[in-house]
Amino acid sequence: MATNERHGENSPYFDGWKAYDAYPFHPTDRPDGVIQMGLAENQLCVDLIRDWIEKNPQASICTPEGLHMFKDVALFQDYHGLPRFRQAVAKFMERGRGNKVRFDPERIVMGGGATGANELITFCLADEGDAFLVPSPYYPAFDRDLGWRTKVQIIPVHCNSSTNFQITRPALETAYDQATRTGSTVKGLVIANPSNPLGTCLDRTTLESLVAFATEKRIHLVADEIYAATVFHPTTSTQFVSVAEVVRDNAADPARCDPDLIHIVYSLSKDMGLPGLRAGVVYSYNDAVVRCGRRMSSFGLVSSQTQHLLAAMLSDEDFVGRFLLESSRRLGERHGRFVTGLDRVGIRCLESCAGLFVWMDLRHLLKEASYEGELALWRVIVNEVKLNVSPGVSFHCVEPGWFRVCFANMDEGTMEVALQRIRAFIQGKAAAENNVVVVMKPPGKKRWQKDLRLSFKTVRRSEEGHVSSPHSPMPRSPLLWARN
Amino acid sequence: TGSLQNFLNHQKPNPRPQPQSRNLFFPSHPLYFQRTATLSLTPFPLLFSSSTLTLSTYFPLTPSLRSPSPQRVSRDPRRGPMTESPSSEPEPPSPKPRAAAGNGMRLVVPLQGVVQGRGGLILGSLIPCALFYFLQLYLKRHRSPKPPASSSNPPSPSSSSPNLGDLARTSSRSNLLGRGSIVPVRLSSRGMAIAKPNDSPYYVGLDKVAGDPFHRVDNPEGIIQLGLSENTLCFDLIERWMKENLMDSLMGGDGAELSINGMATYQPFDGLMELKVAMADFMSRVMGKGVSFDPSQMVLMAGATPAIEILTFCLADHGNAFLIPTPYYPGFDRDIKFRTGVELIPVHCRSTDNFMLTVTALDQAYNQARKRGLKVRGILFSNPSNPVGNILSRETLYELLDFAQEKNIHIISDEIFAGSLYGTAEEFVSVAEIIEGEEFDKSRVHIIYGLSKDLSLPGFRVGVVYSYNENVLAAAKRLTRFSSISAPTQRLLISMLSDAKFIEEYIETNRKRIRRMYDLFVGGLDQLGIRCAKSSGGLYCWADMSILIALYSEKGELELWDKLLNVGKVNVTPGSACHCIEPGWFRCCFTALAEEDVPLVMERIGKVAEMCKSGH
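Protein chains in written order, with this note's numbering: chain C, 1 to 484; chain P, 1001 to 1616.
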């Protein structure tokens, strides 16, 4: 354990972090520093939380108002978690899912953040050498969280832009069959919904088919719903549907949904923007998993002081209601600004409705459509444009040229600087490649940029005429990848 | 071992055996016929059957491989096992791997004897085994994909065997299974092992108290908790400190902008540097003169429980072992073995030595473990010992270090009770102090610490791994992502631990009060005729109640424990839960008691003692 490489910190995802750590951006001290856009952190509503803590001093138990609770809380070491904390989290989970489903506090198992919760559920469900299917692109740290200590292998189910990276049943079947053929025992399917890094939500039909798939194959379905309340454009087509709704609606039909197979991972790190508090939980419909998980809780328990504080905060229904509305509004606004800003320089993002990031399409800027090309461009972005974004390859994305860019971990000004840098970069690049002076047109008139994009493509094609076929700019067939 | 690992991985038991795999006995591949041909050369079919069993230990989940007799297989390969009962029964759960291995060992030995006797038999017995194995491997790898769920589907075209009929039937069966959802949901086997009810009296007692806790006013008939080593003697000091250092809110005192940003957002998983510095200072104070701790050698995590687990993950692989002197803390069985798969080898200590660890016993246990084929990776001990409360002498520590150096293994010293000392005769020496001056290889020494006992804040979940090994530190830092301490709690502790005056006073007062409780409690037991082992630290005493047990055995001990719990209404921890080799010893924690409750505890224990003596 101490010597193996499965911690995954050699991936580019972490290289960018190192660049940021070495010289971080600061508006006055280091205006040319690297801007951190690789961290999915929600800092947009910190002020709301601070106000609440100021108005409710008793909750922290370290104030005159809360001191009488100190002894009980400090001594509490039951790995079930404080009952009022579990009740409050169950309530919050209901609230964050539009009060459409009920959650039983007795089914909540404490884990050390979502990270610890993910590992805990993996320990419960799979033995060393077993496999989990995970639709790619997926969160890079899954490799570590699900597989490092548990020694469970992750088998990516490749999704590509032709289906907007939506997971399809045939892709799933292919991955499952192939895994079984090569002798792996598939124990489960892990989905992130809303997806990290895509920011998309699974629609009800897809989710139902995934549940049916798991039920049919008798494998577990772990739904990582830590971004559930970050949905910012809840239209009918992009609504977030929790797997809990599917369980509620289909529990009567054991052939389509076996609740014993369904588990939810949840945390307050993203929805409330409180990752430092390490409050992550597993919600399982399976009694044996709850029992087993409880016993493991002591390996990653949240401090009782924090449980007490959060229990008080989440039980304040007024506050939670206001917070969720405001958070969603601010995220939507930030997302809108950022996407519009990118759009002005001809950069498209995958259409998304949730999350703290966008999935940015830079395929047209790649010198060659390969991982090398992607990493080359990424190095330019980190070292010259000075933005730490995360390349698609670190998310196991099969199509080179996609990048995850986080927008909620900074203030408005920093985001503007980031956009400014991207703009300058694109202009500089265009000028160099076309050898003409490019004049930025005011926003709103997009036709011109579209032309610009076209001209990129022509330039690129002529360059790549010399390149051998493996680096074809055409997106590769997922089947081709699946065999590799 | 890499190749062995691969080999075993290929043979990973399939928890939901697919009917196709049963077809392995009636394969279409030429190898199969080759195997039967070789078989017919074998003069002793009996011999073959025993060798098949040896192999089948690699297939612990497919007992069907064992059931058909080899003769039947060789005579009529077309007769499918699917038509007969033994193999089409639902599979029984997997036998434990260890049991399977033991089975294999027993079977290999006679086979070896025969083979060594007559060289010709090697061909007759081992080759079929090998071929059979490779055949399984081959078929497993080239198994045709499962046909889609439609019974009208034609048989798989890839099959060119004469057993097409069988194949078609097989797939239709699997469809039935899938449709009816009759296959039970399976967790991981390690998950199941953890989920099964815990029958250790340690946990049974704790649960029992949780259901009916004693309270002087509200529940005077409830069970008194002497089974949990927590300390409430000095809570008034902590509360006073909180009052005097009131933080306006969580945001801290130095202007509101010390800010939620340093708290709510992601923090380093292995603990804030300020807390490490404060913790290093606290540890130096606790461990006594001359020991200094370097914050950069420290990794913080959410409690001593994850600390010990993370350290175990760093030092040992699945199947390795640690030596551990008994009696030991009952929670170790859970904390260490649950998920890491590391074994604990008891090194038995006895009352004649006052349960002191001796290198002779250590050496004996080490050699026995080696004989069992276990790889010993380290020695784990608690100092002051939990549950006995005795302290390792300087000389013993030197001997231990020499032993570890000689055997090239690690030393894990759990010093979580280092600040809870009450003895005056013995002096506590941290292993950190020993290795400071001497020429030991420091990289094999690791210390576990936490604030649950010495600062009596178990709810705050603060544990420390202090190591002199850079690789261990690097790995442990990364592993803390699974169990890091919540940031507000860290901030609170930074201010508390940095208040040197308060900490001095706390440590001093705490020791005095533990001493007082110890005298009261042990004195009370003494009046009942119950003697305790000589001890100097911890929140408990180790009481010898062997005079009260009817049967001098574990059974007798547990009967007494049951009486104490259910009749006497006091929950103590029996020695057997701590793997003590001598029956009749009990751990009693006295630091969560109020002084005025001690007479009541003595009265209750005395009542049970009377019962035992009068033979009821």
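The set of hints was computed from the structure by calculation and includes no laboratory data. One or more hints might be untrue.
[Claimed, not checked] Residues from chain C shown here face chain P by an in silico Cβ test under 8 angstroms; the list is partial:
hint: 1; residue: M69
hint: 2; residue: E106
hint: 3; residue: R107
hint: 4; residue: F123
hint: 5; residue: A179
hint: 6; residue: G273
hint: 7; residue: G300
hint: 8; residue: T306
hint: 9; residue: L309
hint: 10; residue: V380
Bear in mind that the values here come from a model prediction, so they are computed numbers and not experimental data. Where is the CB? At the ideal position from N, CA and C, for every residue including glycine.
| query | Any of the earlier hints contradicted here, and which numbers? | reply | Checked against the structure, the hints that fail are numbers 1, 2, 3, 5 and 10, while the rest are satisfied.
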